[in-house]
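Enquirer: The chain contents come next:
Protein chains: 4
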Amino acid sequence: MIVIMEHDATAEQVNKVIKYIEDKGLKVQVNNGETLKVVAVIGDKCGLNIENISSFEGVREVKKVQEPYKLVSRITHPKDTVIKFPNGVKIGGLEKPVLIVGPCSVEKDFEGLLKVAQAAKEMGCHFLRGGAFKPRTSPYDFQGLEEKGLQYLAQAREKTGLLIVTEVMDTMDIALVSKYADVLQVGARNMQNFKLLKALGRTKKPVLLKRGAAASIKEFLLAAEYILYNGNPNVILCERGVKSFDTQFARNVLDIAAVPIIRKYSHLPVMVDPSHGTGKKYLIEPMSKAALVAGAHGIMMEVHHNPDCAMCDGAQSLNIDEFKNVARSLNKLIGRIDYDNKNS
Amino acid sequence: MIVIMEHDATAEQVNKVIKYIEDKGLKVQVNNGETLKVVAVIGDKCGLNIENISSFEGVREVKKVQEPYKLVSRITHPKDTVIKFPNGVKIGGLEKPVLIVGPCSVEKDFEGLLKVAQAAKEMGCHFLRGGAFKPRTSPYDFQGLEEKGLQYLAQAREKTGLLIVTEVMDTMDIALVSKYADVLQVGARNMQNFKLLKALGRTKKPVLLKRGAAASIKEFLLAAEYILYNGNPNVILCERGVKSFDTQFARNVLDIAAVPIIRKYSHLPVMVDPSHGTGKKYLIEPMSKAALVAGAHGIMMEVHHNPDCAMCDGAQSLNIDEFKNVARSLNKLIGRIDYDNKNS
Amino acid sequence: MIVIMEHDATAEQVNKVIKYIEDKGLKVQVNNGETLKVVAVIGDKCGLNIENISSFEGVREVKKVQEPYKLVSRITHPKDTVIKFPNGVKIGGLEKPVLIVGPCSVEKDFEGLLKVAQAAKEMGCHFLRGGAFKPRTSPYDFQGLEEKGLQYLAQAREKTGLLIVTEVMDTMDIALVSKYADVLQVGARNMQNFKLLKALGRTKKPVLLKRGAAASIKEFLLAAEYILYNGNPNVILCERGVKSFDTQFARNVLDIAAVPIIRKYSHLPVMVDPSHGTGKKYLIEPMSKAALVAGAHGIMMEVHHNPDCAMCDGAQSLNIDEFKNVARSLNKLIGRIDYDNKNS
Amino acid sequence: MIVIMEHDATAEQVNKVIKYIEDKGLKVQVNNGETLKVVAVIGDKCGLNIENISSFEGVREVKKVQEPYKLVSRITHPKDTVIKFPNGVKIGGLEKPVLIVGPCSVEKDFEGLLKVAQAAKEMGCHFLRGGAFKPRTSPYDFQGLEEKGLQYLAQAREKTGLLIVTEVMDTMDIALVSKYADVLQVGARNMQNFKLLKALGRTKKPVLLKRGAAASIKEFLLAAEYILYNGNPNVILCERGVKSFDTQFARNVLDIAAVPIIRKYSHLPVMVDPSHGTGKKYLIEPMSKAALVAGAHGIMMEVHHNPDCAMCDGAQSLNIDEFKNVARSLNKLIGRIDYDNKNS
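Protein chains in written order, with our numbering: chain A, 1 to 344; chain G, 1 to 344; chain X, 1 to 344; chain Z, 1 to 344.
Bound-form chain A, shown alone:
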């Protein structure tokens, strides 16, 4: 059971609720969100009179939620969450699916990044991605340009109007990355970095949360719950392939079914990354299409101006011409899906 307080509930009002519940011998867990105060009640609620609590001052709503992910659940929030950006772009619900495009990592060659951004713009995309802080399996691999990379992204935004999606790897970097990014990405390896999730819950920026390579859907939704519970409702989920016993033809198994499953159980938008999900160029187009017809709110894909020389993930990056072909094909499908959505 959770008690959702009004935005302007006073500390006194919150404490009254807590005291009431604790006096019944139950435990209480309170979040620290700025925009949303939630009191979760833990333990056997038999003796609790819900109507009583509902009528306390400062209480907006009391909800019984069976599922462990409460705020993320469609039961608590039946309507789709749609995330709106200042320039009018939207992600979620029945909005037109979006494409997020860019190199795995931002590199020294700013002109290369700009070429990718301009191609993305030309193909009608709204988002540029690129890593300035790179989580790399080996310490000997390129670790990213850090703030320099963020500046490059911001410059590319200035020139193209694209929104910037980039990864934040540590609580200490949130302020810095937020200065430049429109969407803060949490990488698969950090999906259960709970300190980071909590800190991101205390920002207002939209967060793109990637599924861990061996995270169950329940764990994925609970990771998102950390962010919502700490006050930030703007979370976009992103399926990016799960580990399997077979890595010969594709480095992960892209779990397309996660899309309709998440849309059934949660109100949050959900995207798919076929580049990491398969690790193979030629699979990006068919898997993007599969994700879109299965209901994905967007596709995130790697495009590099010169994949053969990319500092990471070259083999799975489209070059600019290949990207334009894929984008053309996906835009056509997106058009059909958008038409069907608006006429169903």
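Every clue listed holds true.
In this list, chains with the same sequence are indistinguishable; a pair is considered to hold if it fits within one copy or across any two.
As a list, the in silico DSS-like pairs of lysine-lysine whose alpha-carbon atoms are at most 30 Å apart:
#1 Lys64 to Lys280
#2 Lys264 to Lys64
#3 Lys16 to Lys108
#4 Lys324 to Lys96
#5 Lys27 to Lys218
Worth flagging that the hints you see were computed from the coordinates, not collected in a lab.
Following the hints, position chains G, X and Z against chain A.
Expert: Relative to the frame of chain A, chains G, X and Z by itself:
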């Protein structure tokens, strides 16, 4: 390296090839297929003069094949295999994707089976599926009606003209099942029952081979290789979900990427079974669509006239009304795909 | 619920039980075992009077069993099953753990097989293993010497007194293999070949059932249940590694915990095969020790007189000297375990 | 290739090496460790004269290392790393394996913690574990006492002399946790939190690094490499089970083979946590024994003074009496192993 003999090559001609190769100190593996004689050469081929062998009488072709699956590989056979049924229906290549529809197992209620068959017919499907021999995890579960079930399927075919797809579990049952079935299905659990695969290679019936629940794509293609190598080129592959660490929302992870991967590396038709692949009704439609746009040659789905009372897999079976809705939606998508295929 | 009939129960007595249960509206599943007749009752047993059935003539026992594997469960059969061979060797319970030793496949060089057998004998082992029918992923790999291989094994038994463990792959081969083998092995890929399991249930020979590479423990126990249910109580389980996302250092993850788990939930003996379980020679000794201290009733390992030239699995086979070293080390540990078992 | 500089190499000396390498057109990656300066050379080293570099001032050693984990590899460092604590306790090499014992999380009841610590002391253990910062899948689960918990641990140390092992979850908490802990633990979910690993590389405290639930051994070793590369050589690896398709009887598959594999390829000590690795009390003893005979340098296990009321992981925690029995049994085995180590 493989040496493909002419259909009418004599034993003498084959033996001459074998002797020639063995005299070079190499090992030889000969298949026993009635329609296709293949001599596979094992070991270091350095000293072997391929032109020599090519000119031997009775030799059709000599191929160097790096991949372990030689006959299944697109390298050996660049054109798509299209399987043609006597009534004109085709599976594979750019042919219109097909739907295979029916209950998990054939049950005592023949009228129920007939209702499903008639609904399938009505929706334009060409295939009726249903198990007469059932591989069940527990010996206490329903094991199938055996020959009675086969007879029911044949009766449903008589009344509707649908082609019959049904499983064969053991070499000893091949003759019996072949009497009734148009397509012999090999279940996921038997994907590496090599004696069965060899015996099916010696029949002429099309074989629908389901991927094992933890079989790699390489193992899957090699299982098909057993059938081709033993003389039967009519194999349809079927992805049906692989085991993963997450079984809460779907009992398997449906590996949609297997479709474009297999189409790239093999010429054989490939289908998808979203019923077993997910175990959930509501996922059949989105996952079927995903499979189709990713290039699947067909969809196999479970439909039961009364899923709540089904003797197996009720939870993942559509009832007849649900099926009609799904089929309508898929037929629309299939129409678009077929149009695109014919106009690209 | 299951009804276990007396060995000499008449058809009439069995039928009376069945009729009584079916008259209550319940379904019944009867096994065909020669030595053990079991009537399993399926459905809601609320209306059933168990005492009534218990007192029917020919009924030995009526058991309520929650677990899906009923005969295999320790609840039905609290005492450890110990399998006794004519020469006095025993497997299971608190008997001294055994070593099963030999090449992956029996090859043309009989003298090589004999060397391995003699080394096994010398080190105090009781069992010789070797495949005459080989399940191979590729049709181009060596498929086994078939009956010739069985004859070689029998000759090696004659010369050494070792008992023979060898695989049977198909129902049609059971009679042939049984002529030569002391223990019939079911390979991992056939663990859910239910026709084969049923047919093995109708023999009297001990069956060594290997766990499928992605079989859950429940599926493993249910596969054994097929054999017991069909009348053969002499089943030895064998853990041999499960598939995982990591295949760089070992081809499978050897699930040592399966040993104490199976010993807790079942009365059947359970062994471990570290050769297939890891695919690496240097892991055989430490993993055998781990299995033994965790309670394994035996170890099955691959030994070849000349591993570099083995026709299969050379990389994971010990040569004779390596084997003797490993056996010495394991015999020491087995001695300690045996001492502890007998003095606890 | 890596260039290891002397401890007292000057910035000038390091820069000279870098310049020399970069002038050959190669990339360079330099670590920031206080105790160990390493220059890794990336790219094709053909044109590089190694002897030249070796003779530069400030250079201790130049090593060619094929493996991606260079400092962690046994090739670079053939002798076992043995970690020595101020009180004389040692972990690694042929030292007597240790037991690390304590509750999953430190709770409000300090007396309970003390009881566990005293029992550990009584049984001859040297380490007390307990989480003050808890990574929990759900935000509604107990998140730890934070600094209060650390103080409790320090008090327990004062009273018993046990060394403290406790988790650090975020770079921002390292200083705080280091004030209290003797060993800094990195949890499985943070195994690839590279910012944390780097920061831990800049401390001197021993780090106990747990394997991610779906991390390959290579990824595990590379995570350790981050710590060593950043200057901290005191890393203890800990296997704690990997995710699998089967979670019915044990929540993970404990990968015992990881122990001999890691000991072959790395010089770092490696331990096993059977509590998290299986999630079942009754498996702790057999799996601990299995780990020890396979070469583990220690066992980490959960013990709670009152498991039924534990705030986390009660089901897998031993109570104090159970712990004493297990410890007795393990101490006996440890004694034998220690004897064998010292007499082999």
